[in-house]
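Please take these sequences and the hints and turn them into a complete structure.
Chains as they are written, first to last, in my numbering: chain A, 1 to 565; chain B, 1 to 186; chain C, 1 to 701.
Hints in this document: simulated from the structure, not taken from any laboratory. Any given hint might turn out to be false.
[To be verified] Calculated lysine-lysine pairs in the DSSO-like style (CA-CA distance at most 30 angstroms, straight line): (1) C/Lys193 with C/Lys323; (2) B/Lys32 with A/Lys203; (3) A/Lys516 with C/Lys323; (4) C/Lys532 with A/Lys62; (5) A/Lys417 with C/Lys219; (6) A/Lys24 with A/Lys279; (7) C/Lys178 with C/Lys632; (8) A/Lys313 with B/Lys110; (9) B/Lys111 with A/Lys203; (10) C/Lys532 with A/Lys277; (11) C/Lys525 with C/Lys483; (12) A/Lys279 with C/Lys532; (13) C/Lys295 with A/Lys417; (14) C/Lys298 with A/Lys417; (15) C/Lys33 with C/Lys12; (16) C/Lys483 with A/Lys280; (17) A/Lys279 with C/Lys483; (18) C/Lys471 with C/Lys459; (19) C/Lys532 with C/Lys516.
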Amino acid sequence: MNTELAGVIATFLLTVVLAIPLGKYIAKVFSGEKTLLDFLAPVERFIFRICGIDVNKQMTWKQHLLALLAINMLWFVYAFVMLLTQGSLFLNPDGNPSMSPDLSFNTAISFLVNCNLQHYSGETGLTYLTQLGVITFLQFVSAATGIAALVVVFNTMREQSKDGLGNFFDIFLKSLTRILIPISIVIATLLVISGTPSSFDGKDIVRTLEGETVQVSRGPAAGMIAIKHLGTNGGGWFGVNSAHPLENPNYFTNVVEMISQVLLPIALIFAMGYYIKRKKLAYVIFGVMTFGMLMFLIPTMIAETNGNPAIAKMGIDQSLGSMEGKEVRFGSQASAYWSIVTTVISTGSVNSMHDSSMPVSNTMQLLGMMTNAFYGGCGVGILNYYIFMIIAVFISGLMVGRTPEFLGRKIEAREMKIATIIALLHPFLILVGTAFSSYVFTKDTSVGWLNNPGYHGYSEMLYEYTSAAANNGSGMEGLGDNNWFWNISTGFVLILGRFLPIIGPVAIAGILANKKIIPESAGTLRTDTGIFGVMTYAVIMILAALAFFPALVLGPLSEYFTLYN
Amino acid sequence: MRTYILPSLKLTLVLIIVCSVLYPLLISAIGKFTHDDGAGVKAYEHGLVVGYENVGQKFIADTYFQGRPSAVDYNAAGSAGSNKGPSNPDYLKIVQERIDTFLIHNPGIKKSEIPSDLVTASGSGLDPHISIQAAKVQVPRIAKLRNRTEKEIYQLIDKVKEEPMLSVFGPERINVLKLNIALNTL
Amino acid sequence: MSSKENKSLFQKDLIVEALKQAFIKLHPKTMIKNPVMFTVEIGTFVMLIVCASVMFNNDGTQGSLVYNLFVFAVLFLTLLFANFAEAIAEARGKAQAESLRKTREETPAKLIAPVGELYVNEVQMISSSQLKKGDVFLCETGDIIPTDGEIIEGLATIDESAITGESAPVIRESGGDKSSVTGGTKVLSDKIKVRVTSEPGESFLDKMIALVEGASRQKTPNEIALTILLAGFTLVFIIVCVTLKPFADYAKAPITIAALISLFVCLIPTTIGGLLSAIGIAGMDRALRANVITKSGKAVETAGDIDVLLLDKTGTITIGNRKATKFYPATGISEEQLIEVSILSAISDETPEGKSIVELGEQRFSDKEEKFKSPKWIKDLKGNLKEQSETFHVFRFTAETRCSGIDIGDNKRIRKGATDSIRKIVETAGNSFPRELEMVVKQISSAGGTPLVVCENEKAIGVIELQDIIKPGIKERFDRLRKMGVKTVMVTGDNPLTAKYIAEKAGVDDYIAEAKPEDKMNYIKKEQQSGKLVAMMGDGTNDAPALAQADVGVAMNSGTQAAKEAGNMVDLDNDPTKLIEIVEIGKQLLITRGTLTTFSIANDVAKYFAIVPALFITSIPALQGLNIMNLKSPESAVLSAVIFNAIIIPILIPLALRGVEYKPIGASALLRRNLLIYGLGGVIVPFIGIKLIDMLVGLFF
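Printed below as a string of structure tokens:
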């Protein structure tokens, strides 16, 4: 086995090994059991006191959603205003300008919704104030929002769900103080030690070995890079994200960053198992998600290590694989792995340029975001999976001759309606968005959005809307997206793609929680079995992936067949 | 919803202090204990700063090992990849040109010896590394221009090259800047 | 009439009727109830316009006229097939119901007019259809009972074979639980007065027919949820197909309207969409074939979900009545003595239990001494009794005394009955109750038998053991139910010990011993509170509240009107084990829906691979690599996919009507099985089907 592959396998295994105890810890945090960080309790109480929040007040699912939406709205206004005026505010050593209104709109939403689509470049588009005050802030709170929504759903799945669904602010703050901030500190420390900058010094000017003068962008990046991965946000400090040698200096930091973005999505699955006391269900979900991820990963790794056939024809050595847009210190395999985990999980950070990925890899990256449930984003991944489970439960419940029920609660027309709408939303946003942009582009190619002609150019547009709808944030960055068309259109896709898939599952879970629990019998379809896992996988692939088949055919698949012909 | 606005506002202010002030300051403080105060690891030649270890530099002279093609010409004020698709005909033309240029500058090298990293742009445009093979194919040229034996240069490569992590994980690679500094001191 | 006759799924007259209906149902107002098929209708209409455009405008961009006409024709056929599926299911259900109804129409009825033309209570001959609720009619030997009703006076033996297929006549009498008569049955003897209980056209059967005909058919909650999901799928594919146009424009790959509509029709779940209502109707039809009249489709569906099943012991689990199986004489009493006294006590007892005592006695003697061997002895005894008729006095069993017996002359007082009551008699007279009998009683009880203590002249002389005979095969049926996840509960008046024994022996999961009517009710409520669905069968008026409370209440046709009104199904066969069949029919209904949905959606994989390359292959030749079925030309690929999509509907009609088989092998195993057959099969079959059709169509296109 070569060292590149060994590195990928070790990274994944280490992630799982770390995720299991973390999952147990998360379950303890939210069920109020004793943990190592309980010394923070007075701090949290103090915060609630000055904010005038009574955390003992249990909320209904509707109140949870209202609180969630209210606080998100505030953040949006705050972020929008900051970005719009950053040029004239303090902590701007590089003298970067304010953002245009449409870019502010897009950026504020993008980070609010945990997507981190960046239509700007970090070195020139933001100031240190907004990098920390807006970007880092939103990266923390949007991840905590996802976890808070997920924990509400967990609460409904507990057998004693009548006890109440907890208090939104309580769960939200604990996600920050007990999970996101402490782990971020650990990750940031590892990055700082490995050479990622953390000081507030501005751009440096150096004379190179050949005597030329170059500027080098820097900044307090390490802390932000930690949470960008841990919270599956993905928005980089520098323009090229984690391909940048200061953002991701060596193979070790690459491993750290790869682990930290997959860590919470997997840990939350195990946390669910411990929290609702259905470990087997968690294992099955983990199994299905891992299988789904591998089905995207393996073709990608093969395609990338085999290199670009068009370049191979030129007769050069292809043993490194396809290296366009990749960094030598990571190699093609770790880059392939990253490109898949970052798309199945809604991180969207990159350590190689997806625009230069092979067509098979593009297909898999797109599918990762189209399914958006194989691990998925921080908290929201399981919520997406939950929707697919509801549909799978419904169809398979029929197949075994019983009115479908999920964890003892009957799935009826109302829940199906919500689940169907949410499942429908994703293809709707992506396909309609891409259709719209294709139409505009075909009418007037002089808009000059596309960096590549033909099928690959189409893939760039498809990728952008897919990334926005999946709240992923990665891009085929050749797309000229910093203009009002893309800023506004993806902005709306972002909002819908974030909040409806949170509202839907929470609503279903809330409705289900109010239903009578039907005791299990031999006729009950268990959801923690392998065969139900297979069913869920089939539903995800057929519902989420199949709808995009024609779109994929016209994009990366046509490119594939042309390139390999 | 209105009942949640005021507490949300207060909580937001508290969290801005925690996440955007205290947290970065803490990390920055930790950074003060690392190399170069956490402001990036610098590279030195004869005690003079010649750049950052991790930030790739442009080498034009044939007497230096050359790095990978860069979409930003190694201007570290920004960063970018080429974002060219693998089937883009313009892009393939550029790659072909790079191969041809390399062959002109390195006579005697066979096409099949050129590794792909030498003719493809990196993701960041600032890639500080090349593969070992990419260094090795430049050895005859360097040796000739610097009047050194090829063996000496090969030994230098072996000395400077970076092993896989824990010798088992990840690719072997070589830092072009470090290699060239070492080359100057040879 | 009965299920045995209509083996064939498609009878000629039914097909003709269904074909006619298939066209009538094309009316958009009818179609819109089925959103999936409605979109197909719109697509078909668009194709018609395209055909016209090609014909008159020579629009060359849309392909040849023949090709477009062909696509139009296949889409139209798809619609017809779907309508036909529904129509044939309706026709079959209707035929089944009609044949039941026919027997009761146009029968002469002897109406008793309270104030007649000539005199009070005169009997008028009218047609059965003129009978109104509340009317009273008369039925005498040989008459066909004109309509459903309740006997208010008299008793009669009735042949119900016309309804139930059971040849043995039954006895119906006024008052009590056996007072109900059904239209179409025949009075074999005696005379009864019957009050009509339903308005014309509102009997259960009428309701059932209306249900099958679709006039009053409402979608069940489950059907609604499925329709929502299917509508969702349809919407997704509308989006997929509409957005394909700008995509193709970008790729400079023009697509024809025919291909786009074909893609759409193939992708939306037309298979399940076309068969959905047929499946529902067929479910009710199957219930009807099992001689169960359901009041709503929902009831059948609910039956599939039943968690708990309440069954009366007598007649369901055990064969009607108990039988004497053994005599236990007290010390100092010979068995012969006991038998003699027992026979004496039972000889005048006309109950089945009494008869079985006499029978057992005879049998025991035939094994014994010569003198008893001849059955003449018994006859002598009987004769003896008759002769002494002046001097003997029979005591019938009453609820208070809980014993029966006979006094012969003045010095022979024989009683047999429940232990407690006999002990009372014995101890009141100052005698002691033998301890060994006490033991025997306990032993019998715990072995599931019923002890009957016999005393002569206030002295206990022995015990007769009565045993319930458990129906053969019943244990297997309960095992099957258990595997389905249904808990069976036996309801019995027996004491807890006996009940427990029988429960174990018959394999039921729980029992209610010494049950009073309200116990049933309470048990149902308790189970329902814990979230379970309960089914029960009942016939008596005192069962009515429990029948109403139960989620599935099956009333016996022989039961009282109150019971029938309270339940949501009526079993014409009066067969208490029918519930098992109903549960299976309910499950089958859901399974058929689920598997066909899965099949329909799984089909999309192959259809994508057939049509999508075909759409673009002329503009993007490299896509030949996606044409994994190697279909001949884009036209033949599109046509093959649509043809497959159309003919799969009639091919699956038999499955939809018969239902997918239910196997009680546990939910996960069943899911695995059905997923393999209908999921994986649904992926593979269209690949083969489309390829085969393409080989044929490829000859022309």
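Results of checking the hints against the structure:
1. C/Lys193 with C/Lys323: This hinted pair is violated, its Cα atoms lying about 35 angstroms apart.
2. B/Lys32 with A/Lys203: Cα-Cα ~18 angstroms, so holds.
3. A/Lys516 with C/Lys323: Measuring from Cα to Cα gives roughly 45 angstroms; hence the hint is violated.
4. C/Lys532 with A/Lys62: The given pair, whose Cα atoms are some 28 angstroms apart, holds under the 30 angstroms limit.
5. A/Lys417 with C/Lys219: Measuring from Cα to Cα gives roughly 16 angstroms; hence the hint holds.
6. A/Lys24 with A/Lys279: 11 angstroms, holds
7. C/Lys178 with C/Lys632: 71 angstroms, violated
8. A/Lys313 with B/Lys110: Given that 30 angstroms is the threshold and the Cα spacing comes to 15 angstroms, the pair holds.
9. B/Lys111 with A/Lys203: 40 angstroms, violated
10. C/Lys532 with A/Lys277: 23 angstroms, holds
11. C/Lys525 with C/Lys483: 24 angstroms, holds
12. A/Lys279 with C/Lys532: The given pair, whose Cα atoms are some 25 angstroms apart, holds under the 30 angstroms limit.
13. C/Lys295 with A/Lys417: With a Cα-Cα distance of about 28 angstroms, the restraint between C/Lys295 and A/Lys417 holds, given a limit of 30 angstroms.
14. C/Lys298 with A/Lys417: 20 angstroms, holds
15. C/Lys33 with C/Lys12: Status holds; Cα separation ~28 angstroms.
16. C/Lys483 with A/Lys280: Holds: C/Lys483 and A/Lys280 sit about 23 angstroms apart, inside 30 angstroms.
17. A/Lys279 with C/Lys483: Given that 30 angstroms is the threshold and the Cα spacing comes to 25 angstroms, the pair holds.
18. C/Lys471 with C/Lys459: 36 angstroms, violated
19. C/Lys532 with C/Lys516: 22 angstroms, holds
Going through the hint list in order, the structure does not satisfy hints 1, 3, 7, 9 and 18.
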